[in-house]
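Asker: Read off the chains here:
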Amino acid sequence: MTVMEQRGAYKPAPPPAWQPRTDPAPLLPDTEPHRVLGTEAAAKADPALLRTLYTQLVRGRRYNAQATALTKQGRLAVYPSSTGQEACEVAAALALKEQDWLFPSYRDTLAVVARGVDPVEALTLLRGDWHTGYDPYEHRVAPLSTPLATQLPHAVGLAHAARLKGDDVVALAMVGDGGTSEGDFHEALNFAAVWQAPVVFLVQNNGFAISVPLAKQTAAPSLAHKAVGYGMPGRLVDGNDAAAVHEVLSDAVRRARAGGGPTLVEAITYRVDAHTNADDATRYRGSAEVDAWRDHDPILLLERELTERGLIDDAGIAAAREEAETFAAGLRERMNQDPVLDPMDLFTHVYAEPTPQLREQRDQLRAELEAEQEGTQG
Amino acid sequence: MTVMEQRGAYKPAPPPAWQPRTDPAPLLPDTEPHRVLGTEAAAKADPALLRTLYTQLVRGRRYNAQATALTKQGRLAVYPSSTGQEACEVAAALALKEQDWLFPSYRDTLAVVARGVDPVEALTLLRGDWHTGYDPYEHRVAPLSTPLATQLPHAVGLAHAARLKGDDVVALAMVGDGGTSEGDFHEALNFAAVWQAPVVFLVQNNGFAISVPLAKQTAAPSLAHKAVGYGMPGRLVDGNDAAAVHEVLSDAVRRARAGGGPTLVEAITYRVDAHTNADDATRYRGSAEVDAWRDHDPILLLERELTERGLIDDAGIAAAREEAETFAAGLRERMNQDPVLDPMDLFTHVYAEPTPQLREQRDQLRAELEAEQEGTQG
Amino acid sequence: MTTVAVKPATMAQALTRALRDAMAADPAVHVMGEDVGTLGGVFRITDGLAEEFGEDRCTDTPLAEAGILGTAVGMAMYGLRPVVEMQFDAFAYPAFEQLVSHVAKMRNRTRGKMPLPITIRVPYGGGIGGVEHHSDSSEAYYMATPGLHVVTPATVADAYGLLRASIASDDPVVFLEPKRLYWSKDSWNPDEPTQVEPIGRAVVRRTGRSATLITYGPSVQVCLEAAEAARAEGWDLEVVDLRSLVPFDDETVCASVRRTGRAVVVHESGGFGGPGGEIAARITERCFHHLEAPVLRVAGFDVPYPPPMLERHHLPGVDRILDAVARLQWEAES
Amino acid sequence: MTTVAVKPATMAQALTRALRDAMAADPAVHVMGEDVGTLGGVFRITDGLAEEFGEDRCTDTPLAEAGILGTAVGMAMYGLRPVVEMQFDAFAYPAFEQLVSHVAKMRNRTRGKMPLPITIRVPYGGGIGGVEHHSDSSEAYYMATPGLHVVTPATVADAYGLLRASIASDDPVVFLEPKRLYWSKDSWNPDEPTQVEPIGRAVVRRTGRSATLITYGPSVQVCLEAAEAARAEGWDLEVVDLRSLVPFDDETVCASVRRTGRAVVVHESGGFGGPGGEIAARITERCFHHLEAPVLRVAGFDVPYPPPMLERHHLPGVDRILDAVARLQWEAES
Ligand SMILES: Cc1ncc(C[n+]2csc(CCOP(=O)(O)OP(=O)(O)O)c2C)c(N)n1
Ligand SMILES: Cc1ncc(C[n+]2csc(CCOP(=O)(O)OP(=O)(O)O)c2C)c(N)n1
Ligand SMILES: [Mg+2]
Ligand SMILES: [Mg+2]
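Residue numbers (our numbering), protein chains in the order written: chain A, 15 to 392; chain B, 15 to 392; chain C, 44 to 377; chain D, 44 to 377.
If you are wondering where the hints come from, they were derived from the structure by calculation, not from laboratory data. C-beta: ideal position from N, C-alpha, C; glycine also. Mixed in with the good hints there might be a few duds.
Pulled a few chain D residues facing chain A out of the computed Cβ check, cut under 10 Å [stated by the list, open to error]:
1) Glu108
2) Gln130
3) Pro137
4) Pro241
5) Glu276
6) Trp278
7) Phe344
8) Asp345
9) Pro351
Examples of chain A residues lying across from chain D (beta carbon under 7 Å, computed) [as the list claims (entries may be wrong)]:
10) Ala91
11) Ser225
12) Tyr298
13) Met358
14) Leu360
Derived list of chain D stretches under chain C, where covered just means 3 residues or more per stretch with a C-beta under 8 Å from a C-beta of chain C [what the hints assert, rightly or not]:
15) 182 to 193
16) 317 to 328
17) 359 to 367
Go ahead and model the full structure; you've got the sequences and the hints to work with.
Answerer: Here you go:
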């Protein structure tokens, strides 16, 4: 009997009930970026934390300057600076516990360093002697990801796996405003929400994807609003307010740890330097814009708070700077040494065991190098 | 002078003002699926439109049954039925003007037929004598898209191109609930919103992606809520209420035509048949669920409205059924004829001009077929 | 001791059994993909696994291939051994960036610190009357991507053995399942399934003296049929089943060609830029002076995969293979 | 009549000029991609176009390669002629599904009703010290995809001519720009730029009698240097620049090899499953009895592209080419 033939006996049934799967209201992000420094909330912030953040910011700024200088000296192939974004970089690392995982994007070497990775190892990729310079398992830091947004599903998968194993692990994944346009961003957030994976997505909205301003990247009210469409909460935070970023990320990490699922955090910040040392930012933005942000600098904001509350004095500031100088000098010195390279490494890690084909090629290269060697000696 | 050295002269500047790029409030979808039939709004609906919708629904249902029957007779390789979803299929076609474009997904042959494409041509893909059976330019219907969600950026690009040329053209693109998880969905909606392209996205949420229920596909409050994250309005509609779907789509099309940009529409419906004739739906859902939806059948809802308001009588209903039978008989007869195939077509349309390589291969096949021919004749 | 009756089993059953045994043997093995859970996959290869091992071990994912493979990468980073199902060949393309830029490279990028033991099952090839995008032969893409193993079975026993070996591999494996062989049967004893040798060993399926047919996956059976048919023409053909395209077993292939002096490479994939070019080139490099004729190729045409009603003209069949064998310059020899 | 001084120009300048001339000649030509507008592209190839033709004709898109190519498909459906820039080779992978399942197939799917005249510009290859994912040679993927043309210039004049021809083509063209040649110079007169012959014609860059080097794109210059160096060894090498991998110019290639009797294929792309296998196989099929030695290949190793400090060991250089030439069994000849 077709539906139409039932007509004689037709009794209109109520349509199957529809209800939203999640209450959308709590998912909507803050209407204003969350701020702590310079507000009443700052009084509640832990002074020790603020001091740690400060030291790290000062060091981070110095690290960015040093790394940029190393490009000029030919010691780095390229460097994407996070000057101006240090609050996000540092807070991301500090919001995590020992056992947690960080998934950095290519710009985030500072976060990697703040998490404890040796800066020389963090910079290996950009120096060019290898790709990932550090053991990801040592500090639980995934390789720096150059293909944008591709690291986000990795973070989701890792967090999901940890939860399946019953481990207390949260993954924090970093991506830029431009990266939110990639399909992988979408797929990662969706998987995370469906699986309720313990993962936090930090979007550093620094206003640009290389030269492309945010207005050409999205028409959304904010990037945090994207959370709604996945059924996860979105948070909006002043990305230059280290205390605020730390608080929002810590909340999100705590929520994830407690089984509350993923959170999307948009931190509003600004890329003060050019995209990389190879980029000429004057082609696409004026200095007035940059200058306006210099007045909202993360170090200035925190320094002011600390000073006004008497949590730091000139000596403390000088000490932080000095520590940063020492750090930079050490880095400079180590980066000025030529890395020792073995061309045979080309073949060592393609597979667990080189294929017969790779063994042949390795032998070929070895023979070539030996011949070269003889040539120079003879 | 570094930022830190400016400290002596430091005057805290107000942080660069942040404001949402779009007011999020108007973007939020309806909290309940929009309904017309059985509500007061139905009184305002155009009787002629309701009658047209009815005729088309009845025909569409018959078309689905006929196409499924053709698979059993080996006349179609496969058929993904839209039984139960006819209101969406038909309304999508009717909401468009002559010059507009329809971008169907693989399940949407009914929408293609309702737009005016010869059903035999619409079914060519599924019969297997060629891929796209119709000229996309004749009725402005893009090829049926099997790779899910990939047609959405096409619709955006076409709508954008038309707008750049100053043409009055809207594109309506169809996708399933499962398809919304693909990266292409995300990228298409984002491009559409940034470009303010005249495009309407219709998600038929029929509860399943093959066997996977919606709850494993998304944790969002509704699929319409995804609109917010792109800065476009989301609409939620009862997908079995043909008048409501038609109204919501028409509004969205009008909005797009007027330069208001894209809209995301989620139509809540149900896939009554199995995924395709080759699928066994009893493996993943019970009959009670299916039966509940039979009572909310799009034809029943509209028939009831028309009957109660005296817009149709038994004769009218009989006439609609008869027209559908005639349509089905014609389709059956034509589909029972073997299509005439030319194997040389394999090479004709790979490029505008076959490459030398393809000419060789064409000659090879021709020689083989001639030899075969001789073999059978000899 | 009771003797077990060896009943015919299908390749599909052997694959299911391999997954089940792998999951039972190692709790790190997780199966994931579209419809692999409740439904058991559109080809029913994962049938019963969700029931037996729970949905956390055999998971219906959202519909997003890059997301599936990308999350599998993360799971592998944490020590799991994901087995991903791509529903059809062409639907693996959305995951291409994850595959090429991460799956294939992660071990190398991290100097071996972060291997990714992921198996990516891809039903591939034609011959089942599938509509467009359901019959692609995508092995050329995977072969050209260092860091991946590329494996494909041609028999029921190999389906089991190679899938077990792939899942056990500490490197990523693209495991290509010939769709049209899913229902092919063989006498195979599921109670004594044999592991195959490590991935990378080709096998001579039929010995012969006149010429060697080199093939894999869906074309192996066709080549064996061609070899039978060739007897009538006086040709005694050897048939080599590669079983894995990466690593490539030069030894077995070249030993055969050196013996026969003639070779034809046969596959469904398009000829231009397809696997056959590589295979023919490396045979020629290694066996030039043993060759009585150029290595020939019988492949799909260089066209998008045809619609169901035309696919028989596209697929390499017995006649086309025999035509190629006939062109191996037999006269020149004598 | 005034004579124009022919000044040295870079390949980058020639490409920019080709885009500009194409846009001026045909309002249907639209340039789109990441950073192509205001910035003029990370390699400055689209420099000045947004200014001259407006942002609607030269558009900074959102950062999403599948979206870029997918919307370009829609624009082409409506009669535009999009020229898409992929920022680097490896960043074209997210668009792979759009490329393979739509761009390459649309004309065929619609029986020629819906051709897609899209040009996809991809800066490719290494030699510029780029970090990972910035130096891939992805031509093997494109070659193995029927429906695409695959074009790559090696000279400043060809960069102009081939790009104009690609944009004018009614079929999709993957236009591979050798990154390390962007700043290579040549005397080239931008005021009298020459169109090249239709896509699909290889060119002999250097005539020689001893053996043929077959190559394209970034390796052409290296082969010419090798040919110079080979003179000292007494070899007179011919160098063929393919200019397009699809269509492939069998005629020119085979004519050369039949003359010289020996051939080496040279490219940066990995050897296994790379273009060289196809090229060697088809030469062997066609010229077997003219060959004094197997066609050899000099290619990148079968490894993920190395980090900057190791890339010189990976890239085929003059020595490696000469080594291969030396292995062409010269003794056997005499
Ligand atoms: C998939 C992919 N496409 C393109 C690029 C090239 N690229 C490198 S950085 C960049 C801009 C990134 O912008 P955003 O995500 O905002 O991060 P930010 O640079 O601002 O930190 C682009 C386009 C890439 N790395 N990956
Ligand atoms: C990219 C891609 N992945 C997988 C498939 C296989 N497939 C065909 S239909 C389908 C389910 C689609 O579900 P939905 O989007 O909800 O549409 P519906 O079938 O319900 O109309 C799947 C997974 C496909 N066609 N394309
Ligand atoms: Mg940015
Ligand atoms: Mg559905």
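Asker: All the hints need checking, so say for each whether the structure fits it.
Answerer: Now for the hints, and whether the structure bears them out:
Given the 10 Å rule on beta carbons, the hint for glutamate 108 of chain D holds: about 8 Å separates it from the nearest Cβ of chain A. Because the closest C-beta pair between glutamine 130 of chain D and chain A is about 9 Å apart, less than 10 Å, the hint holds. Interface restraint check: proline 137 of chain D against chain A, minimum CB-CB distance 7 Å, threshold 10 Å, status holds. Residue-level restraint check for proline 241 of chain D is violated (minimum Cβ-Cβ distance to chain A is 36 Å; threshold 10 Å).
Given the 10 Å rule on beta carbons, the hint for glutamate 276 of chain D is violated: about 15 Å separates it from the nearest Cβ of chain A. For tryptophan 278 of chain D, the shortest C-beta to C-beta distance to chain A is roughly 19 Å, which exceeds 10 Å, and the interface hint is violated. Satisfaction of the interface hint for phenylalanine 344 of chain D is found here, the shortest Cβ-Cβ separation to chain A being roughly 5 Å, below the 10 Å cut-off. Annotation: interface hint on aspartate 345 of chain D holds; nearest CB of chain A at approximately 6 Å, less than 10 Å.
Checking proline 351 of chain D against chain A by beta carbon gives a least distance of about 3 Å; that is within 10 Å, so the hint holds. Interface restraint check for alanine 91 of chain A: the shortest CB-CB distance to chain D comes to about 5 Å, inside 7 Å, so the restraint holds. Hint status for serine 225 of chain A relative to chain D: holds, with the closest Cβ pair at about 4 Å, below 7 Å. Hint status for tyrosine 298 of chain A relative to chain D: holds, with the closest Cβ pair at about 5 Å, below 7 Å.
Among the interface hints, the one on methionine 358 of chain A is violated; its C-beta lies about 9 Å from the nearest C-beta in chain D, farther than the 7 Å criterion. Taken as an interface hint, leucine 360 of chain A checks out: its beta carbon lies about 5 Å from the nearest beta carbon of chain D, inside 7 Å. With 7 residues having a beta carbon nearer than 8 Å to a beta carbon of chain C, the stretch 182 to 193 of chain D meets the requirement of three or more and the stated coverage holds. Check on the stretch 317 to 328 of chain D: 11 of its residues sit with their Cβ under 8 Å from a Cβ of chain C, so the three-residue criterion for coverage holds.
Counting residues of the stretch 359 to 367 of chain D whose C-beta lies closer than 8 Å to any C-beta of chain C gives 0; at least three are required, and the coverage claim is violated.
In terms of the numbered hints stated before, the structure departs from hints 4, 5, 6, 13 and 17, listed from lowest to highest.
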